[in-house]
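Visitor: Protein chains in written order, with my numbering: chain A, 50 to 353; chain B, 22 to 195.
Hints in this document: simulated from the structure, not taken from any laboratory. Glycine is no exception: its CB is placed at the ideal position from the N, C-alpha and C atoms. Among the clues, some could well be false.
[To be verified] Coverage of chain B stretches by chain A, computed from C-beta distances (three or more under 8 Å per stretch; other residues unrestricted):
#1 96 to 105
#2 111 to 124
[Claimed, not checked] Derived DSS-like pairs: lysine-lysine, alpha-carbon spacing no greater than 30 Å straight-line:
#3 A:K166 <-> B:K85
#4 A:K101 <-> A:K166
#5 A:K158 <-> B:K85
What follows is the residue order along each chain.
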Amino acid sequence: MSLRERLASGSFAVTAEISAPRGASTDPITRAATLLRGWVDAVNLTDNQGSKVRLASWAGSLAVLAAGLEPVMQMTCRDRNRIALQSDLLGASALGIRTILVMTGDHPKFGDHPGAKPVFDLDSIQLLWTLRTMRDQAVLLSGRRLDPAPECFLGAVENPFAPPVEFRADRLAKKVEAGAQFVQTQFVFDVPAFARWMARVRDLGLPGRCAVLAGVGAVRSLRALDHLRDNVPGVYVPDEVYRRLRALPADRTAAEGIRLAAEIVEQVREIPGVAGVHLLVAGNEEAVPGILDGAGLGVGHDGR
Amino acid sequence: MPPIPAGLVTAGPPVPSRPHLGVRVAYRLQRVLRPNAGWRWLSARIEAAGPARAAFTGAERVVKRDLFGCRMCGQCALPVTGYVCPMGCPKELRNGPCGGVGPDGSCEVYPALRCVWVDAYERAASQGRAADLRLLHRPADHRRWGQSSWLNYWQGRDEGLWTGDASAGPGAGS
Chain A
50 MSLRERLASG
60 SFAVTAEISA
70 PRGASTDPIT
80 RAATLLRGWV
90 DAVNLTDNQG
100 SKVRLASWAG
110 SLAVLAAGLE
120 PVMQMTCRDR
130 NRIALQSDLL
140 GASALGIRTI
150 LVMTGDHPKF
160 GDHPGAKPVF
170 DLDSIQLLWT
180 LRTMRDQAVL
190 LSGRRLDPAP
200 ECFLGAVENP
210 FAPPVEFRAD
220 RLAKKVEAGA
230 QFVQTQFVFD
240 VPAFARWMAR
250 VRDLGLPGRC
260 AVLAGVGAVR
270 SLRALDHLRD
280 NVPGVYVPDE
290 VYRRLRALPA
300 DRTAAEGIRL
310 AAEIVEQVRE
320 IPGVAGVHLL
330 VAGNEEAVPG
340 ILDGAGLGVG
350 HDGR
Chain B
22 MPPIPAGLVT
32 AGPPVPSRPH
42 LGVRVAYRLQ
52 RVLRPNAGWR
62 WLSARIEAAG
72 PARAAFTGAE
82 RVVKRDLFGC
92 RMCGQCALPV
102 TGYVCPMGCP
112 KELRNGPCGG
122 VGPDGSCEVY
132 PALRCVWVDA
142 YERAASQGRA
152 ADLRLLHRPA
162 DHRRWGQSSW
172 LNYWQGRDEG
182 LWTGDASAGP
192 GAGS
């Protein structure tokens with residue numbers, strides 16, 4: 050069952066993120082995809098995440114397809130202009146990559162090439178709008194005809210916690226207007242704040258038009274916890290979560306991180322309008338079975 | 022059209038800037054400056070003469086730089102962004118903030134500075150204009166850098182910059 054079909058069926062969807070390797074081999078992706086097969090509906094391939102050079106998301110997506118799983122190809126606006134982005138969609142669709150996730154992208158300043166030119170020719174909303182128009186109206190941004198038009202299922206991201214918080218659901222509404230059919234959120238550690246955002250998302254009538262997948266991650270180590278809290282733009286770790294993980298000896302952080310993630314999955318599942326979860330476990334794919342088992346969503350659940 | 026510096030004009034890198042013009046005054050000016058027969062006539066006269074156009078564009082550059090940190094993109098979004106310039110966003114986002122805004126409203130790239138969209142939302146909302154931020158902005162036309170956006174505005178060349186209706190598609194010849 051594809052991610053689109055899973056979401057249309059109304060049963061709870063699970064996606065996860067795979068970290069692309071820094072090197073010219075797709076073997077690590079194939080290994081991760083094999084591990085996740087049977088547990089998740091689709092896996093995201095990041096696009097030079099954190100502005101650090103990694104194997105291209107289209108290449109990772111092909112490896113995931115070959116491993117028998119649905120890829121979600123991430124596309125950021127940071128590195129490519131409108132010509133390259135449109136061309137990438139055509140190539141992806143032609144090769145069978147049909148689920149695309151669009152995001153602005155981190156600024157190059159945070160990556161391993163801080164002197165790179167930040168492109169940002171389109172923003173995420175303009176890119177969604179462009180891709181949707183390519184698919185539905187078979188035209189490029191220039192107005193030129195496409196034959197055939199690409200096929201794609203379009204996703205977006207949103208951060209429910211970043212200021213201006215009152216505008217965050219409206220920003221998702223803009224993305225839905227532009228073409229987003231599903232959205233994966235930033236890490237949810239603060240469930241009440243997420244629930245407030247969801248209430249506004251429901252008020253705007255968005256869940257019927259765009260499936261919401263809550264981002265949930267497992268903290269692997271105290272170093273990862275500090276990094277998440279202090280260095281990853283847009284991630285908010287509430288003090289009580291920080292203290293809970295800090296209170297344990299370092300060798301128990303990973304297990305507690307999985308337990309915490311499973312609890313958050315259970316909690317967001319109860320919030321009306323939440324269609325699934327997106328597990329932010331790049332580089333830590335082994336955590337997925339533990340999280341899903343802990344949340345009562347293990348293998349075989351909902352026919353997965 | 023006379024040869025006025027346009028196209029690939031070198032602008033400095035985008036840095037968030039806080040406007041030095043109160044939002045109420047800005048909206049009042051908006052009513053005065055709205056395109057009408059008078060402004061259309063005046064802008065056509067200015068455009069017809071190379072030196073007048075250059076002087077006018079230069080004056081706009083200075084005034085808007087001091088008031089809004091303007092970088093002369095030539096396609097002004099200020100009327101629907103609470104008069105906070107989105108081209109000062111390090112990602113030049115015209116449709117709202119990215120997901121990296123700090124909990125205190127700081128820019129992810131310049132943590133000592135405030136996100137332009139946090140300011141834009143507050144200023145627009147304070148005047149009952151928060152709905153402006155729901156409009157969809159089309160991709161920027163990078164041939165316009167260095168042009169006078171006031172002349173473009175009065176001449177009606179800015180009419181398609183944003184829309185409330187996404188069904189039409191984002192571009193025409195861009």
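Visitor: For each hint given before, does the structure comply? Return the numbers of the non-compliant ones in rising order.
Guide: 1
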